[in-house]
Amino acid sequence: MDAAPNRFRTFRRRLVAAIMVVVGGLTSAGLWFAHRHAGAEAGREVERDFHAALDGLRVVRETRIQALQQRCLSLVQKVRIHAALEDDALDLLYPNARDELSDLMAAAAPGPRRGPAHPATFWRFLDLRGVVIPAEPADDFGPLSAAETARLALPRVPSTPQLGYLWRAAEGSEGGGFDQVITTPIFSTATRKPIAALAVGFAAHDERAIGGESAVRRGLWAEHRLQIGGLAPEARRALDDHLRRVLPLERGAGRATPLTLEGSAYLLLFEPVNPGSDYPIAYEISLYPLAATHARQRRLRWQILALGSLLLLAGLATSQVVAARLARPVEKLAADSAQNIVRRDRAEAALELTQAELQRAARFSADASHQLKTPLAVLRAGLDELLARTDLTEPVREELATLVHQTHRLTGMIEDLLLLSRVDEGRLKIDFAEVDLSHLVASWLDDLSFLPNELRISITTDLPAAVAIAGERRYVSMVLQNLFENARKYNRPDGRIHVAIEVSESVARLTVGNTGRVIPVSSQPHIFHRFHRGAASEDVPGHGLGLNLARELARLHGGDVRLLRSSGDWTEFEVIFRLATSARGPMRSRT
Amino acid sequence: MTPALRRAARKVAGGLLALLLPPCAAGAEIAGRVELPRQLNAPVKTQNYEPVASGGALAPVKPAAVVYLEGEFPPANPAPTVQLVQKGQAFIPALLPIQVGTKVEFPNYDDLYHNVFSFSPPKRFDLGRYRTEDRPVPSQVFDKLGLVTLRCEIHSHMRGQILVLGTPHFVTTDEHGNFRLTGLPAGRFVVKAWLDAATTHARPVELGPDTVLRVDFP
Numbered sequence: 001m002d003a004a005p006n007r008f009r010t011f012r013r014r015l016v017a018a019i020m021v022v023v024g025g026l027t028s029a030g031l032w033f034a035h036r037h038a039g040a041e042a043g044r045e046v047e048r049d050f051h052a053a054l055d056g057l058r059v060v061r062e063t064r065i066q067a068l069q070q071r072c073l074s075l076v077q078k079v080r081i082h083a084a085l086e087d088d089a090l091d092l093l094y095p096n097a098r099d100e101l102s103d104l105m106a107a108a109a110p111g112p113r114r115g116p117a118h119p120a121t122f123w124r125f126l127d128l129r130g131v132v133i134p135a136e137p138a139d140d141f142g143p144l145s146a147a148e149t150a151r152l153a154l155p156r157v158p159s160t161p162q163l164g165y166l167w168r169a170a171e172g173s174e175g176g177g178f179d180q181v182i183t184t185p186i187f188s189t190a191t192r193k194p195i196a197a198l199a200v201g202f203a204a205h206d207e208r209a210i211g212g213e214s215a216v217r218r219g220l221w222a223e224h225r226l227q228i229g230g231l232a233p234e235a236r237r238a239l240d241d242h243l244r245r246v247l248p249l250e251r252g253a254g255r256a257t258p259l260t261l262e263g264s265a266y267l268l269l270f271e272p273v274n275p276g277s278d279y280p281i282a283y284e285i286s287l288y289p290l291a292a293t294h295a296r297q298r299r300l301r302w303q304i305l306a307l308g309s310l311l312l313l314a315g316l317a318t319s320q321v322v323a324a325r326l327a328r329p330v331e332k333l334a335a336d337s338a339q340n341i342v343r344r345d346r347a348e349a350a351l352e353l354t355q356a357e358l359q360r361a362a363r364f365s366a367d368a369s370h371q372l373k374t375p376l377a378v379l380r381a382g383l384d385e386l387l388a389r390t391d392l393t394e395p396v397r398e399e400l401a402t403l404v405h406q407t408h409r410l411t412g413m414i415e416d417l418l419l420l421s422r423v424d425e426g427r428l429k430i431d432f433a434e435v436d437l438s439h440l441v442a443s444w445l446d447d448l449s450f451l452p453n454e455l456r457i458s459i460t461t462d463l464p465a466a467v468a469i470a471g472e473r474r475y476v477s478m479v480l481q482n483l484f485e486n487a488r489k490y491n492r493p494d495g496r497i498h499v500a501i502e503v504s505e506s507v508a509r510l511t512v513g514n515t516g517r518v519i520p521v522s523s524q525p526h527i528f529h530r531f532h533r534g535a536a537s538e539d540v541p542g543h544g545l546g547l548n549l550a551r552e553l554a555r556l557h558g559g560d561v562r563l564l565r566s567s568g569d570w571t572e573f574e575v576i577f578r579l580a581t582s583a584r585g586p587m588r589s590r591t
Numbered sequence: 001m002t003p004a005l006r007r008a009a010r011k012v013a014g015g016l017l018a019l020l021l022p023p024c025a026a027g028a029e030i031a032g033r034v035e036l037p038r039q040l041n042a043p044v045k046t047q048n049y050e051p052v053a054s055g056g057a058l059a060p061v062k063p064a065a066v067v068y069l070e071g072e073f074p075p076a077n078p079a080p081t082v083q084l085v086q087k088g089q090a091f092i093p094a095l096l097p098i099q100v101g102t103k104v105e106f107p108n109y110d111d112l113y114h115n116v117f118s119f120s121p122p123k124r125f126d127l128g129r130y131r132t133e134d135r136p137v138p139s140q141v142f143d144k145l146g147l148v149t150l151r152c153e154i155h156s157h158m159r160g161q162i163l164v165l166g167t168p169h170f171v172t173t174d175e176h177g178n179f180r181l182t183g184l185p186a187g188r189f190v191v192k193a194w195l196d197a198a199t200t201h202a203r204p205v206e207l208g209p210d211t212v213l214r215v216d217f218p
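Protein chains in written order, with my numbering: chain A, 1 to 591; chain B, 1 to 218.
Some hints here could point you the wrong way.
In silico SDA-like cross-links for lysine to any residue, where the CA-CA straight-line distance does not exceed 25 Å [said to hold, decoys possible]:
{"no.": "1", "chain 1": "A", "residue 1": "489", "chain 2": "A", "residue 2": "445"}
{"no.": "2", "chain 1": "A", "residue 1": "489", "chain 2": "A", "residue 2": "428"}
{"no.": "3", "chain 1": "B", "residue 1": "192", "chain 2": "A", "residue 2": "190"}
{"no.": "4", "chain 1": "A", "residue 1": "489", "chain 2": "A", "residue 2": "451"}
{"no.": "5", "chain 1": "A", "residue 1": "193", "chain 2": "B", "residue 2": "94"}
{"no.": "6", "chain 1": "A", "residue 1": "78", "chain 2": "B", "residue 2": "107"}
Ranges of calculated distance between the beta carbons of each label pair, as one might list FRET restraints [said to hold, decoys possible]:
{"no.": "7", "chain 1": "A", "residue 1": "66", "chain 2": "B", "residue 2": "37", "range": "36 to 46 Å"}
{"no.": "8", "chain 1": "B", "residue 1": "154", "chain 2": "A", "residue 2": "95", "range": "15 to 25 Å"}
{"no.": "9", "chain 1": "A", "residue 1": "95", "chain 2": "B", "residue 2": "139", "range": "19 to 29 Å"}
None of these hints come from the bench; they were simulated from the model.
For clarity, every value in this text was computed on a predicted model and none was experimentally measured.
Glycine included, C-beta positions come from ideal geometry on N, C-alpha and C.
Start from the sequences, fold in the hints, and give me the full structure.
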């Protein structure tokens with residue numbers, strides 16, 4: 001019995017372990033997916049953000065360029081400029097253009113007047129060959145170095161507006177910045193052909209104005225020069241190197257690619273801003289710093305981990321509880337079955353014991369009966385001899401007659417006990433044959449009628465002509481004798497006995513009723529017990545085995561003996577026998 | 001036609017007639033036809049101002065050429081005065097030949113400001129903004145040979161040309177290119193047909209006192 005709790009403990013441990021593994025696995029898988037999904041989602045979100053920001057900025061840039069182009073377009077339609085160009089008056093070109101374009105560089109000029117949103121840094125005319133028409137004094141039209149002037153030139157005069165970026169070296173330092181150049185052709189009013197062009201430089205918009213710490217960093221790359229704000233010099237140099245490598249190939253233009261500069265992660269996107277221009281191609285460079293995003297992702301990862309740990313803990317706790325819950329009925333079942341086994345074992349042991357005892361008892365009563373039979377025979381023979389003597393006085397003779405009667409009674413009792421012990425031992429086998437119950441009853445009643453009838457008992461019958469039952473005549477007679485004797489014994493003076501046989505489908509029911517004192521209700525359950533004589537007085541002959549024997553014999557025949565009723569001066573027993581016609585096959589004898 | 005315009009036209013026509021038919025009716029005569037280039041300019045539409053002609057479309061400048069007799073001639077005395085008016089946002093006539101020393105008046109017959117100016121080397125001037133009623137009527141004396149392009153600073157599409165010649169013998173063709181030069185002196189000359197700044201045809205002629213020549217260009 002010690003092994004069982006251990007087994008249950010192991011079982012419970014295993015259950016807990018299994019649930020833990022499942023819960024842990026599920027949680028881990030869920031977390032992994034959540035993490036991956038969150039990571040991918042964050043990446044997508046970053047790219048979306050980036051592109052949204054760039055789209056916004058692109059719109060701003062294009063709007064700005066369009067506005068500037070529109071502005072330049074209106075400038076080149078000025079009549080005086082046309083007059084100077086078309087009427088061979090180049091000496092008047094710049095002075096007159098200065099008047100016409102006076103507000104172009106207004107912000108550069110001191111004064112209270114508010115300048116345009118995008119003041120020009122310089123402007124020059126290109127002639128038919130695309131060469132810059134010299135301006136004197138240059139400072140009035142925005143200073144340009146000789147190199148810058150040369151770079152401003154185009155292969156020939158353009159027929160559409162051209163967008164370019166001109167690197168302006170800052171004075172006295174290696175820094176500098178790009179000027180946006182918009183060169184607008186001027187068409188002859190007579191021939192409708194381009195005869196010159198106006199190139200206006202605008203300061204490329206200040207990138208630092210857009211950049212916060214986490215905002216998109218934007219810059220320009222043209223003529224192997226990079227201008228970008230918000231980057232440390234080392235990172236700037238690294239970006240420059242990277243761009244020098246990738247830009248000539250135009251690999252990945254218009255697509256965000258990850259890039260690490262001096263340990264900081266960025267998304268890089270570049271796209272040409274002046275495709276098809278006669279000026280050298282320029283790229284707009286956009287850098288999206290990923291530091292904040294990565295920090296957010298790290299935070300998210302930790303959150304997921306913490307949440308996962310919590311979930312796991314909760315899962316483990318739950319698995320303990322669940323395992324306990326699940327294990328309890330199993331344990332109960334196991335305990336119950338163990339108890340059942342014990343109980344059954346006990347019952348079987350008890351049964352064996354009982355059987356042994358029963359057999360011992362039966363053997364004992366059989367032995368006892370046999371042992372008693374011999375001395376009783378001797379005793380009765382002696383008594384018979386005494387009674388045969390003639391010298392006996394009447395009182396002695398009567399006394400002796402009583403003793404003889406008692407020996408007869410004792411003999412009957414012993415025979416009944418012998419028979420019962422055979423029944424108990426299962427040694428009594430019924431030799432089934434067809435017995436005419438009706439005839440048997442009639443002959444027994446006939447015998448009864450020869451007995452002294454002091455109580456003046458009348459007998460009525462209701463018997464069918466012939467009822468063939470299955471049984472052994474000898475034992476069926478014993479059953480009938482017992483019931484008939486009881487009916488007579490316990491009758492009252494002027495009483496009545498009624499015997500009837502009723503045949504139903506497969507059985508014959510014999511009822512034996514008699515008037516007389518009824519069996520008290522409290523005694524009725526016990527009347528079939530051995531040596532139970534109820535309230536019968538000593539003067540009523542019997543030894544309390546008859547009903548028991550009758551029932552045992554009837555049951556051996558596959559029938560029964562029952563008390564139908566016992567009330568109101570009427571006691572009625574019923575004996576059931578099986579009909580011979582239904583008793584096919586081997587009889588099941590009672591063991 | 002408004003009375004003012006009619007008046008101006010009559011004045012211009014009178015001037016031309018005076019030139020074409022000098023009092024001495026005698027003299028040589030050259031007639032002919034100049035092959036005019038196809039009109040380059042599409043009709044101009046005003047963009048910035050209220051339309052003065054129908055639908056905002058301005059009357060196209062009709063093609064014309066100037067045919068003149070080149071040579072040494074004394075300047076006219078007194079210097080003649082002619083008018084070149086601004087009407088319907090156009091210079092009328094669009095091409096005006098004059099002899100050097102001629103004074104040209106530029107009356108504005110539009111109900112808006114004009115600002116006539118020229119950057120051309122023979123005569124650079126800027127009349128500033130003025131209206132019809134402004135007096136005196138702005139004028140310029142052209143004392144150098146060459147082509148002067150007139151523009152209006154306000155109305156960029158307006159173009160006028162004054163061809164300053166050294167000869168009093170010139171005529172503007174009609175729109176088909178027909179011309180007739182009369183009252184010409186006798187002698188050897190070169191007759192030229194000026195079509196534009198880049199195109200001038202020339203033909204030497206010898207004129208008798210009553211020669212009547214037919215010259216077609218080119």
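Of all the hints given earlier, name the ones this structure violates by number, lowest first. 2
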